[in-house]
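Guided by the hints, dock chain B onto chain A, whose structure is given.
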Amino acid sequence: MPTPVLMPALSPTMEKGNLSKWLKKEGDSVKSGDVIAEIETDKATMEVEAIDEGTIGKILVPEGTADVAVNTPIAVILASGEDKSSIKESGNGAAPVAAAKSAEAKVSAEPKQEAAQPPKLDIAPEADVPAGTEMVTMTVREALRDAMAEEMRRDGDVFVMGEEVAEYQGAYKVTQGLLQEFGARRVVDTPITEHGFAGLGVGAALGGLKPIVEFMTFNFAMQAIDHIINSAAKTRYMSGGQIGSPIVFRGPNGAAARVGAQHSQDYTAWYSQIPGLTVVSPYSAADAKGLLKSAIRSPNPVIFLENEILYGHSFPVPKLDDYLVPIGKAKVVRPGNNVTIVSWSIGMTYALKGAEELAKKHIMAEVIDLRTIRPMDIATVIESVKKTGRLVTVEEGWPQSGVGAEIAARVSAEAFDYLDAPVTRVTGRDVPMPYAANLEKLALTSVNDVVEAAKAVCYR
Amino acid sequence: MAVAKKTQPAQGVSRASEAGAVTEFSKDQELAAYRDMLHIRRFEEKAGQMYGMGLIGGFCHLYIGQEAVVVGMQMALKKGDQVITGYRDHGHMLACGMDPKGVMAELTGRRGGYSKGKGGSMHMFSLEKNFYGGHGIVGAQVSLGTGLAFTNKYRGNDNVALTYFGDGAANQGQVYESFNMAELWKLPVIFVIENNRYAMGTSVSRSSAQTDFSKRGVSFNIPGEQVDGMDVRAVHAAAEKSVAWCREGNGPFILEMMTYRYRGHSMSDPAKYRTREEVEKVRNEHDPIEQVRNRLLQKKWASEDDLKKIDASVRSVVNEAAEFATHDPEPDPSELYTDILQ
Chain A
0 MPTPVLMPAL SPTMEKGNLS KWLKKEGDSV KSGDVIAEIE TDKATMEVEA IDEGTIGKIL
60 VPEGTADVAV NTPIAVILAS GEDKSSIKES GNGAAPVAAA KSAEAKVSAE PKQEAAQPPK
120 LDIAPEADVP AGTEMVTMTV REALRDAMAE EMRRDGDVFV MGEEVAEYQG AYKVTQGLLQ
180 EFGARRVVDT PITEHGFAGL GVGAALGGLK PIVEFMTFNF AMQAIDHIIN SAAKTRYMSG
240 GQIGSPIVFR GPNGAAARVG AQHSQDYTAW YSQIPGLTVV SPYSAADAKG LLKSAIRSPN
300 PVIFLENEIL YGHSFPVPKL DDYLVPIGKA KVVRPGNNVT IVSWSIGMTY ALKGAEELAK
360 KHIMAEVIDL RTIRPMDIAT VIESVKKTGR LVTVEEGWPQ SGVGAEIAAR VSAEAFDYLD
420 APVTRVTGRD VPMPYAANLE KLALTSVNDV VEAAKAVCYR
Chain B
0 MAVAKKTQPA QGVSRASEAG AVTEFSKDQE LAAYRDMLHI RRFEEKAGQM YGMGLIGGFC
60 HLYIGQEAVV VGMQMALKKG DQVITGYRDH GHMLACGMDP KGVMAELTGR RGGYSKGKGG
120 SMHMFSLEKN FYGGHGIVGA QVSLGTGLAF TNKYRGNDNV ALTYFGDGAA NQGQVYESFN
180 MAELWKLPVI FVIENNRYAM GTSVSRSSAQ TDFSKRGVSF NIPGEQVDGM DVRAVHAAAE
240 KSVAWCREGN GPFILEMMTY RYRGHSMSDP AKYRTREEVE KVRNEHDPIE QVRNRLLQKK
300 WASEDDLKKI DASVRSVVNE AAEFATHDPE PDPSELYTDI LQ
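Protein sequences, first through last, are from chains A and B.
For the first sequence, the residue numbers in numbering that gives the first Met the number 0 are 0 to 459.
For the second sequence, the residue numbers in numbering that gives the first Met the number 0 are 0 to 341.
Just chain B, same shape as in the assembly:
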């Protein structure tokens, strides 16, 4: 995909023409996207169920509805690119290729979890998969991700740091401190703003003076685009474009992913701030997985039976993870005092 060179400062916010771009997926890409998104959804449904059974404690923020964002973005990455996000992180970890057993066991606080049970839902990492967390303080990952991009620039490689945050975090001051430094030093960071319309219970219109988050970088000359975050092909097109922009040394890029979470902010959120109809409408008309499913069937790239087989295989992986996370022992008490210092 061609990348437009930035010619005018503060002109970088693309509007409808560019923002509507989608990648025409091959059969393999559609099938991979379907499987990866379904994997996240089934995992999250299982996590919700296990939370209800008391196997998962504390806060548990589910990613259901937003799957196309991480799956589409991940398809544009290469080895060495880093990913960092906030507390709604299960989908990002699975998209990075982390083992669902290790993720689920961390949710249940077991020794086989990615952080040996010491991190929990919001704090997981995998150096092997270049996943840098998993951060519980809203907005903190934005400066941290900018620092990962600084590392890439310092080392002189062409890796990109994908820094995810939500519409709520987008109002934190450090986001703009990071925007400033990222553009000033031309750091290879993509700020992916997952706009799921609600910062916990506060809608975007009640919290934000400028509700078009793709414009939030204008005063720093950072180009930005609004993307249909429910269409994995649109996410992929935006990912390819912004990743190329960063790899070529042009500095940061902002992607505002228009998305939606079906569940409450966390498991303990009754979500009284929106109507059931609103949720149903998105589910019925814009569901990211249904969109791929319909295309696969329409193009006869897969039959109902083929898709059922994929579903069964995903369910079996998730069940295996849940099984592991239920029976894996808790951390040894001696772990209380380890991993504080090296």
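Pulled out of the complex, with its shape left as it was, chain A reads as follows:
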């Protein structure tokens, strides 16, 4: 029976890829382990190996095809004795397509998938972006890379270090091209030694350099947290202002997809508690770029929390030589009068989608992207609450002592008289992240959670 070759998923977050090259043509014989094609994902170019033995009966997706969904049949392999006619005769060539489509439809019905799509909202640029500035569309990943490259061109003391940042071009491709432009002296591959290289980075910062330390994910930074807090955050104070740590710790934070409890933790609240640290967590590509540039220039240690799922999302970014977004300033991303929704990073995808849903029910939500968690721009939140009288916070992290809890406490203390309903938190569930797809979905925040919370505070 002809065997379909399906578009493979090559990473936990991959949904589609480009079929960049066929290395076998129709009629070629293949055996298990032969490389038959090259697939380009947003992170890397990967080889596809044949699993079955036989002859390439038909190539269903020509090379050069972009955005081929995972599980789409891309070729058919014929077993010995079969010929091309058996593809049509048996109908097996077509069957998987239908199966894949139904699978796709099932997947996209899940809120998790909704969250993974960037909302079609036109986000206003920073107020100080000159009118008429050209906007270019780029991914968060590219924006982060450009920010580092620009700052490294500007200041010879800036360097980047971490696991796989140089020759591998970044585990998530964020540092792509930096080694080629700046060389191995300034783009430093480290051994897998988080505690050690975090401390080494802080030492270099104490010595006067401006390191960007990439953690492959912030989950691994728990091994390094002593240096982040005890060495980086406290030294300025402990030295009576003599010595600071101008260092940026950056990398993906929070849940990716289906990587289980140890790889899916949101550390925003952890770091936000520490005096001496600045904690930034952008959502859009423009903010990612402008805030990372500001973070690199900061004389203080900055925790820069990215999100793996957002890396591939595209946003308009002002085409300016030196685009900086100020640290410590929230942004009203969508105006509204009925309820204030505050979030940041990936939480914004739920918040914005939720606001769209609420608008259909005639609840106009004002959505604020906090962007910087510490120092927190609570004034912008309070200004909005004074108008709406209602507040919902949205985060993927755990509820107890979370960032939402902090916002709720401060708004209750400073704007109590303006509140028409209790501040409500939408958070990840109070459990370690499960692996099973259905349980993971239940553990994460959802658009529906946001909608229901907003309706509740509006007594609707």
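Hints in this document: simulated from the structure, not taken from any laboratory.
This one's a predicted model, so the numbers in the text were calculated from it and none came from an experiment.
One or more hints might be untrue.
Partial chain A-side listing against chain B, Cβ under 10 Å, derived [as the list claims (entries may be wrong)]:
no.: 1; residue: 187
no.: 2; residue: 192
no.: 3; residue: 193
no.: 4; residue: 194
no.: 5; residue: 198
no.: 6; residue: 202
no.: 7; residue: 204
no.: 8; residue: 205
no.: 9; residue: 206
no.: 10; residue: 226
no.: 11; residue: 229
no.: 12; residue: 236
no.: 13; residue: 237
no.: 14; residue: 275
no.: 15; residue: 298
no.: 16; residue: 374
Okay, the calculated beta carbon distance ranges per label pair [to be verified]:
no.: 17; chain 1: B; residue 1: 274; chain 2: A; residue 2: 374; range: 50 to 60 Å
no.: 18; chain 1: B; residue 1: 205; chain 2: A; residue 2: 378; range: 49 to 59 Å
no.: 19; chain 1: A; residue 1: 155; chain 2: B; residue 2: 205; range: 41 to 51 Å
no.: 20; chain 1: A; residue 1: 378; chain 2: B; residue 2: 243; range: 52 to 62 Å
no.: 21; chain 1: A; residue 1: 135; chain 2: B; residue 2: 328; range: 52 to 62 Å
no.: 22; chain 1: A; residue 1: 415; chain 2: B; residue 2: 318; range: 50 to 60 Å
A virtual CB, placed ideally from N, CA and C, is assigned to each residue, including glycine.
Then chain B, alone, in the frame of chain A:
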């Protein structure tokens, strides 16, 4: 001093022949070493006294007995070389040339202290003197010091980062993470392991599978030497050799200083884990200051009177520091919220 080029990997651990090397000091060197070590000892004795009077709070770890280590090492340094250590740091600061008034005022938590009274005994710094702390987390200074060495290499200068830690810290994991990166990237860092035989109350033999700390770099191909840390001339010889090794771009070097602390781990340690006889034996037979004193007298480079004059002058500097640290005001309450961010 000639430096042997490393020819064989993992062969770098020098044994008795090399480890016994001492620098023949000139009269000026002996006198300087005497004065500097005495300065640390008198300062620490005074700090202990002031702690007892309640003028110094918290933890206070005295360096008495180990003076030859920092004084001998410092003699091999040049401008721009950095020093970093753990919490037993008063001796290192004085050896770096920091003002005893500023150090003592920090111990008493006064505004004239090096950290304006916000750091305390374990957390002091001086950019001017290239002293990078003063770190309270055991072993943290090892990765930080390796980072200072990274800075030197990045900048392309030939400065060396002296990274001190104890036999206790030598069992921390990040020490070996740092060893690996230091050798991998040939960073100019000297890991000075001050083996004073006790990690707080736990003796080396009760805490360490490999008690020869000079061998702790073998699996990273880092050369190491055991040094008589009670003889300032032996420390100086090892310092010259390892500093030259680093300046020439050969990467890190490990020095295990065999030393001893006379006092408890901190002021609140009754030191019941060792006998009084053990302490007395080291004091009587190996005291670093007595050794120099005896040589000065024997060679007639100084008379009893000359040495008494040095002692008096050191005491007066220390008393002045104590006086300052006692009467300097506490930090202004407004300092609570300063120096957190720039």
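Here's how the hints hold up against the structure:
| no. | hint | in the structure |
| --- | --- | --- |
| 1 | 187 | holds, 8 Å |
| 2 | 192 | holds, 4 Å |
| 3 | 193 | holds, 8 Å |
| 4 | 194 | holds, 5 Å |
| 5 | 198 | holds, 2 Å |
| 6 | 202 | holds, 2 Å |
| 7 | 204 | holds, 7 Å |
| 8 | 205 | holds, 6 Å |
| 9 | 206 | holds, 3 Å |
| 10 | 226 | holds, 7 Å |
| 11 | 229 | holds, 5 Å |
| 12 | 236 | holds, 5 Å |
| 13 | 237 | holds, 4 Å |
| 14 | 275 | holds, 5 Å |
| 15 | 298 | holds, 4 Å |
| 16 | 374 | holds, 8 Å |
| 17 | 274(B) - 374(A): 50 to 60 Å | holds, 56 Å |
| 18 | 205(B) - 378(A): 49 to 59 Å | holds, 57 Å |
| 19 | 155(A) - 205(B): 41 to 51 Å | holds, 49 Å |
| 20 | 378(A) - 243(B): 52 to 62 Å | holds, 58 Å |
| 21 | 135(A) - 328(B): 52 to 62 Å | holds, 58 Å |
| 22 | 415(A) - 318(B): 50 to 60 Å | holds, 58 Å |
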